[in-house]
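As they're listed, the protein sequences go chains A and B.
Start counting the first sequence at 1; every next residue gets the next number (our numbering).
Start counting the second sequence at 1; every next residue gets the next number (our numbering).
Incorrect hints may appear among the rest.
Unchecked claim - For the chain A half of the interface with chain B, some residues (derived, Cβ under 8 Å), not all of them: (1) ALA6; (2) ILE9; (3) VAL27; (4) ARG33; (5) THR50; (6) ALA78; (7) VAL113; (8) PRO208; (9) GLY210.
Unchecked claim - Lysine-lysine pairs mimicking PhoX-like chemistry, simulated, CA-CA at most 25 Å apart: (10) A:LYS230 x B:LYS228; (11) A:LYS351 x A:LYS376; (12) B:LYS376 x B:LYS386; (13) A:LYS230 x B:LYS230; (14) A:LYS376 x A:LYS386; (15) B:LYS230 x A:LYS228; (16) B:LYS351 x B:LYS386; (17) B:LYS351 x B:LYS376; (18) B:LYS376 x B:LYS349.
In case anyone wonders, no lab produced these hints; they're calculated from the structure.
These figures come from a predicted structure and were not determined experimentally.
Note that the Cβ used here is the ideal one computed from N, Cα and C, for glycine as well.
There are 2 protein chains.
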Amino acid sequence: MSFADAPAIAPLNPPRRILLGPGPSPVDDRVLRAMSAPLLGHLDPLFVRTMDEVQVLLRYVFETNNSLTIPISGTGSAGMEAAVANLIEPDEEIVICINGYFGERMYEMATRVGARPIRVECEWGGPVDLEKARAAWRASNASVLFAVHAETSTGVLQPLEPLREIADERDGFLMIDSVTSVGAHSIGVDRNRIDACYAGTQKALSCPPGLAPVTFSDRAVDKIRARKTKVSSWYLDTTLLTAYWADAGGGQRTYHHTAPITMNYGLHEALRMVAEEGLDERAKRHQRNHRALVAGIEAMGLSMQVDPDYRLWTLNAVRIPEGVDDASVRSRLLQEFDIEIGGGLGIFKGKVWRIGLMGAGSTENNVLLLLAALEKALAHEGYRVKDSGVSAANEFYSVN
Amino acid sequence: MSFADAPAIAPLNPPRRILLGPGPSPVDDRVLRAMSAPLLGHLDPLFVRTMDEVQVLLRYVFETNNSLTIPISGTGSAGMEAAVANLIEPDEEIVICINGYFGERMYEMATRVGARPIRVECEWGGPVDLEKARAAWRASNASVLFAVHAETSTGVLQPLEPLREIADERDGFLMIDSVTSVGAHSIGVDRNRIDACYAGTQKALSCPPGLAPVTFSDRAVDKIRARKTKVSSWYLDTTLLTAYWADAGGGQRTYHHTAPITMNYGLHEALRMVAEEGLDERAKRHQRNHRALVAGIEAMGLSMQVDPDYRLWTLNAVRIPEGVDDASVRSRLLQEFDIEIGGGLGIFKGKVWRIGLMGAGSTENNVLLLLAALEKALAHEGYRVKDSGVSAANEFYSVN
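Next comes chain A alone, as it looks inside the complex (with noise of 0.2 Å):
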C-alpha cells in the first residue's frame, strides 16, 4: 500500500568534537540536559513564563532595556533578515559598510526586500574605512547605516562610537550584526545607541543554532509602525511577533507562529550560564584564551591576519603559511584529533584558518590542545614550527 518500503538508516552517535571553527560552538551539558525535558505547549502558561524570561535575559545580554527583545525562530540569519526586512521599506537607501563576507550577505538581503542598498567598499581584515562610510553617508539620503561588529569571515571586531557618530549626523539609524561578539564583546546596545542588532545563539552564548536574538530601539519600533507597506515576511514581521512575544510590548498575546519549545529551553540555560557568570568576566575569560592563543601562534612562526588593535577574541583568523595544504591540516586535526577549525571564506578561502574560542569553547585546556595538535599536523606538511607555541601560551597563561 505504501509508496515505498521504509529506509533503514542507522541512529547517530556522533562523536565529542572539540568545536573551535566559526561556530557552533561548543554546548554545555547543562545545556543539553535542558532540552531534553519535556515539551509544554507553546500557549502552557509555564512556557508564557519561559518566554518571558527569555526576553529578560536576552536583554541583559544586549545591554539594553528596549522592550522588543526576542529570539527569531530561526538561525542568526533569519535574524539578520529580520532585521532588514522590518527596519527598511522598499525604496529606502541603507548604507551598507562590506568589509568582509557578512557585509556582503546584508547588501544581498536589502536588494532582496526592495531597499537601495548604498555600498561602502572596505579591505577584508581590517574596519570600515570611516571617510568612505562618512562620504556614502553623506551622498545619500539613507536613514540606515549599517555595519557589522564581528565579522566571523575575517575576525575583524569593529569599533561602533564612529559609526554612531557618522549616523547621528542626520539623525539615522543604526543596523548592528553581532552574531559572533554578543556574550563576549560587550555589544552596549543602549550604550551605542543600537536601533537593530541581532545575534546568533551557536556562537559566544554556547546554545546550539536555531534561534536568532534580535533588539530594536523604541525609535526602530516606531520607524517600523509608520511603515507604508507591510514586511515582505510575514514569518519575520516584528509587529507580528511582538503581539505573540507580549512582554515585547504587545500586552494580551496573540498565536503567529508555533515557537521552538526545546530551543527555547536550551537558549534559557545557556543565557542562564552567561548571567551566573556574568558579562565582565565572560569578556575577560574571552579576552584571556584569545591573547594565549595569540602568544602561541605567534611563538609558532605563524602570523594574525588582523591587526591587533581590530582582534576578535572569538575568531582569530591565522594565516596559512606558504607550502602547507588548508584542507589536509583541518582534516587531520578533525580525524586525529576531534577539534574542528574553520576555513577561509570568501577571498580569504585557502589564506586563512578560522579558529574560534568562543563561549565554553574559550577555555585554557582547549587553546593548549590546538597549539599542541597543530604543531603536529604542521610537521606533518613538512612546516617546522620556530618555538613552541604551548610553552608561549603556559607562559602567558602562567603570568596573565
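With the hints as your guide, set chain B onto chain A.
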C-alpha cells in the same frame, strides 16, 4: 562596568504534560535523547551524512522521489512562506482555498510576497467547495492552486484528487499544506502530483517544533529556476538551500546558513521512528485512536464539528456544549490532569475544543485518560454525560 546586574532566573523544570492539543505533540524520549548528543559542526562530514539521511527519510514520509526535499530551518509557518515565496512571482495569480485559519494565513503571505491571490471562500469546518474552486480557477490566470490537506483550525481532512483534477485543467501547480497530516494521513506527494508541500515537525512526526519539511516537484523546481525576480527572502530561497543541502540536486555544497544541528538530530530520530513503525501501520494507529475517541465523545452526548467523511485523525474538533465554559474546562484539564487540549481558533473560538492525537500522542492510554478527565471536568461545569465515554472507547478497542 556592566550595563546592569545579571538577572537571577531559576532553572526550568517543566512537568511532563500530556499534549493533546493542536501541537506540539508529545515527543518520544528517544528523540530527546538524540537531541542531547554533542554538537557537530555544520560542515562536519558526519553532519553532512546526517543531512543526507534526513532527506532520504523525508522523501519516505512525503511519499516522493523529489530531489528538493529538505527541512527549512524554521517552524511550519516558515515552510509555508518558503512554498509561496519560491513558487510564486510578484503579480502572479494564485487561487487560494480558504476553509479555515491556515488558508487565511496563506492568503496573507501570498499578498506580502506580491502575488495576486484569489480567494475561494468556503465554510469553516467543511472541505473545499469544489464548484467554487473550479469556477475561480477557470476565471483566473492563476498557475497555482492552493489548499490545506489537514486544517488544524477545524479538524477537516481535504481530499486531494479533485483539486489535482481542477489544476490539471490547464497544467497548474498544486500547493498543499500538510502540516498536520504528514506522518498520519497519507499525503502521497507523487501519487497526487503535488508540486509544493510543507509540513511541521511538531504534529504527527512527534519532533519538537523548529523545522519545516518541504518538498517541491521537479516541475516546481523548473518554474523556480525560470523566475524573473529573486525570491524576496534570502533565508527561504530554495535555490540557495538546494546548493547547501546538495543531495537536493545541488552537487557541491555551498554554505548558506548554519543548520540547526540539534533540531536535525531530533528530526532524524523522529523520522527513524516513523520508518520503523511504517507509514501504513502509523496511519492505522492514528485512525483507530481517533475512532475510539469519537466513540467516547459521542457516547458522552457531545458532538463532533466535522462530518464523518472529512474528519482528521490527528485533530478532533469537539463542539463545546452550551453552558460549559471553554477556558475553565481546559484550565482544569491542565491543572488537575496535566492534559493540554486546544481551544478554537478564529470563528471557532469558544465554540470547539481541538483534541490532538498526533504521533506519540495517539495512544489508547491517552484516549481513555482524556475521556475520563473530560467527564470530570464537564461535571464541574454542571454537565452530566449521557453515557460513559470511557466505556464506549473500551468497547471500541475490544472489537477494533
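* Cut-off 8 Å, beta-carbon criterion: hint that A:ARG33 touches chain B -> For A:ARG33, the interface hint holds, since the closest Cβ of chain B sits about 7 Å away, which is under 8 Å.
* Regarding the pair A:LYS230 and B:LYS228, is the alpha-carbon distance no greater than 25 Å? -> 22 Å, holds
* Are the Cα atoms of B:LYS351 and B:LYS376 separated by 25 Å or less? -> 20 Å, holds
* Asked: Going straight from one Cα to the other, do B:LYS376 and B:LYS386 come out at no more than 25 Å?
  -> Holds, at roughly 13 Å.
* Taking 8 Å as the limit, does the beta-carbon of A:ALA6 come near enough to a beta-carbon in chain B? -> 4 Å, holds
* Asked: Does B:LYS376 pair with B:LYS349 here, judged by a C-alpha cut-off of 25 Å?
  -> 22 Å, holds
* Would you settle whether the hint for A:PRO208 is holds or violated, based on the nearest Cβ-Cβ distance to chain B being less than 8 Å? => 4 Å, holds
* Does A:ALA78 pass the interface check with chain B, least Cβ-Cβ distance below 8 Å? -> 5 Å, holds
* When the nearest CB of chain B is found for A:VAL27, is that gap smaller than 8 Å? -> Given a least distance of 5 Å, the restraint on A:VAL27 holds.
* **Given hint A:THR50 near chain B, where the shortest CB pair must fall under 8 Å** => Because about 6 Å separates A:THR50 from the closest Cβ in chain B, which is inside the 8 Å limit, the hint holds.
* **Given hint A:VAL113 near chain B, where the shortest CB pair must fall under 8 Å** => At about 6 Å, which falls below the 8 Å cut-off, the nearest Cβ of chain B leaves the hint on A:VAL113 intact, so it holds.
* Restraint satisfaction for A:GLY210 [CB to CB of chain B, less than 8 Å] -> OK, holds: A:GLY210 within 8 Å of chain B, min 3 Å.
Comparing the model with each earlier hint shows no violations; every hint is respected.
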